[in-house]
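Chemist: Listed below are the residues making up each chain.
2 protein chains.
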Amino acid sequence: MSVFFYGCVTLDGYLADKNHRLDWLHETGGTEDTGYEDFYRKMDITLMGRRTFREIQGMENPEEIYPTTVNYVFTHGTLEQKGFLPVTGDAEDFVRNLPKEKNVWVIGGNTILAPLLDAGLIDGMIVQIAPVLLGAGIPLFTQKEAAMRFHLDKVSQYGQFAELAYSRK
Amino acid sequence: MSVFFYGCVTLDGYLADKNHRLDWLHETGGTEDTGYEDFYRKMDITLMGRRTFREIQGMENPEEIYPTTVNYVFTHGTLEQKGFLPVTGDAEDFVRNLPKEKNVWVIGGNTILAPLLDAGLIDGMIVQIAPVLLGAGIPLFTQKEAAMRFHLDKVSQYGQFAELAYSRK
Numbered sequence: 003m004s005v006f007f008y009g010c011v012t013l014d015g016y017l018a019d020k021n022h023r024l025d026w027l028h029e030t031g032g033t034e035d036t037g038y039e040d041f042y043r044k045m046d047i048t049l050m051g052r053r054t055f056r057e058i059q060g061m062e063n064p065e066e067i068y069p070t071t072v073n074y075v076f077t078h079g080t081l082e083q084k085g086f087l088p089v090t091g092d093a094e095d096f097v098r099n100l101p102k103e104k105n106v107w108v109i110g111g112n113t114i115l116a117p118l119l120d121a122g123l124i125d126g127m128i129v130q131i132a133p134v135l136l137g138a139g140i141p142l143f144t145q146k147e148a149a150m151r152f153h154l155d156k157v158s159q160y161g162q163f164a165e166l167a168y169s170r171k
Numbered sequence: 003m004s005v006f007f008y009g010c011v012t013l014d015g016y017l018a019d020k021n022h023r024l025d026w027l028h029e030t031g032g033t034e035d036t037g038y039e040d041f042y043r044k045m046d047i048t049l050m051g052r053r054t055f056r057e058i059q060g061m062e063n064p065e066e067i068y069p070t071t072v073n074y075v076f077t078h079g080t081l082e083q084k085g086f087l088p089v090t091g092d093a094e095d096f097v098r099n100l101p102k103e104k105n106v107w108v109i110g111g112n113t114i115l116a117p118l119l120d121a122g123l124i125d126g127m128i129v130q131i132a133p134v135l136l137g138a139g140i141p142l143f144t145q146k147e148a149a150m151r152f153h154l155d156k157v158s159q160y161g162q163f164a165e166l167a168y169s170r171k
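Chains D and X, in that order, are what the protein sequence lines are. In terms of this note's numbering, the first sequence is residues 3 to 171. In terms of this note's numbering, the second sequence is residues 3 to 171.
Incorrect hints may appear among the rest.
Any copy will do: because identical chains look the same in the list, a pair fits if it lies in one copy or spans two.
As the list claims (entries may be wrong) - Cut-off 16 Å, straight-line C-alpha distance, at most; resulting in silico cross-link-like pairs (EDC-like, lysine to aspartate or glutamate):
(1) K102 with D25
(2) K20 with E147
(3) K44 with E94
(4) K146 with D19
(5) K102 with D125
(6) K146 with E66
(7) K171 with E29
(8) K104 with E165
(9) K44 with D25
(10) K171 with E66
(11) K20 with E39
(12) K171 with D125
(13) K44 with D125
(14) K171 with D92
(15) K104 with D46
(16) K146 with E165
(17) K171 with D120
(18) K20 with E165
(19) K146 with D120
(20) K20 with E57
(21) K44 with E62
No wet-lab data here; the hints were simulated from the structure.
Isolated chain D, as found in the complex (with noise of 0.2 Å):
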C-alpha cells in the first residue's frame, strides 16, 4: 500500500482561509494540463476530513468527483452523500487496517494527514503551490515536530500553480 497526499496550498502554507474557504484557489485560475488525471486513475481509496467533505459536497454532483475510488469520511455523523462512506477512528489504525496492495490518497485536511506523516506512513506528496499569502488560516502540516526528510522528485508548472513532487526518503 501506498499512502499519497495530492492537493493545493497557498505559498504561506495554508490549506483554507480562516472560515475554511477556498476563494483564493479559486481566483488563481484553472490549468488544463495537470498531472491530476494519471494521479487519480492510480488511487483506489480516498481519505477526507468532514470539511474537506463538506466542500466537496457544495460543489455539484459530488458523486461524480471521486467515481473510481472508495472515498472514506472521517466523522462522527452521517453523511446522506451516494458515493462516500463515513467512518470513525483514528486515521493511523484505519489506514494501517487497509488492503496492502491499495493506493490510498488523503485529500485533507490537516486532522487526517498530520497523525499520518508523525506515523511514518506518507509514501508521496505531491503539492501544488498557489502564488498567493494569506497570513492566516488552516495550515496543511501540523505534524508534531520532527526532522523529516523527503525526495523531491519533480518540479512542474501548471499555469499559476507550482507543483512539487516527493517521495519518502
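Place chain X on chain D using the hints.
Modeler: Here is chain X on its own, set in the frame of chain D:
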C-alpha cells in the same frame, strides 16, 4: 528601487528550527548550479535582522560573503564586523528612504520581511524549498492576514531544492 526576498525554507515554511539553527538546510546538500550568482550580482543593498547576521558572523570570513553590496543589520547593538552596518528603526521607513534606483535583497528574517510585505514593498520573491518537514521553527511568512497575490514567473529544480520565483502582481 526593487526589493526582493531570496532564501530557503522547509516544505512546511520554516526559515530555521526553534533554536534558530539551520542543520536541516546543511543536511539537504548543496548544488553548484543555482541562480544565486546572477541574483546577487544585481543587488546593491542587503537587509537582515540580528539573528540572520549572527548566523553569517558564525561563518568563515563573514566580510567576504556579501562583498559587493552595502549590508545593513537591524539591531539595537553594535556589530564589530567589517562590511556590515548597524541600523535601527522601522524596516518599512528604512526601505522607503533608500535611493530609488537600488536593488535591495531582504536576506531575513521574518521580522524584516513581514512589515515589508504588509506595506506592499516586496517586488519579488525567490524561494528555495528544501525537502524537509520540521514541524516547528521560525516561520518565513508572518505578515498580517490579507490575501496578497503574486505572479509565478518560474519554477526550477536545483539538486534537492525546488525554486519558485515570484514577482508582484
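Chemist: Next, verify each hint and record whether it holds.
Modeler: Structure-based check of all given hints:
1. K102 with D25: Close neither inside one copy (37 Å) nor across copies (36 Å); limit 16 Å.
2. K20 with E147: Classified as between: cross-chain Cα gap 10 Å, same-chain 23 Å, threshold 16 Å.
3. K44 with E94: neither (21 Å within a copy, 49 Å between copies)
4. K146 with D19: between (22 Å within a copy, 13 Å between copies)
5. K102 with D125: Classified as within: same-chain Cα gap 13 Å, cross-chain 49 Å, threshold 16 Å.
6. K146 with E66: Classified as neither: same-chain Cα gap 35 Å, cross-chain 38 Å, threshold 16 Å.
7. K171 with E29: Only across copies: K171 and E29 sit 13 Å apart there, 34 Å inside one copy, limit 16 Å.
8. K104 with E165: Close neither inside one copy (24 Å) nor across copies (33 Å); limit 16 Å.
9. K44 with D25: neither (29 Å within a copy, 36 Å between copies)
10. K171 with E66: Neither, since 35 Å and 35 Å both go past 16 Å.
11. K20 with E39: Answer is neither; intra-copy 29 Å and inter-copy 39 Å both fail.
12. K171 with D125: within (9 Å within a copy, 35 Å between copies)
13. K44 with D125: within (14 Å within a copy, 40 Å between copies)
14. K171 with D92: For K171 and D92, the Cα distance exceeds 16 Å both inside one copy (25 Å) and across copies (43 Å).
15. K104 with D46: Classified as within: same-chain Cα gap 6 Å, cross-chain 54 Å, threshold 16 Å.
16. K146 with E165: neither (24 Å within a copy, 26 Å between copies)
17. K171 with D120: within (15 Å within a copy, 37 Å between copies)
18. K20 with E165: neither (24 Å within a copy, 27 Å between copies)
19. K146 with D120: Answer is within: at 6 Å inside a copy they meet the 16 Å cutoff, but 29 Å across does not.
20. K20 with E57: Intra 14 Å, inter 34 Å, cutoff 16 Å: intra-copy only.
21. K44 with E62: neither (24 Å within a copy, 50 Å between copies)
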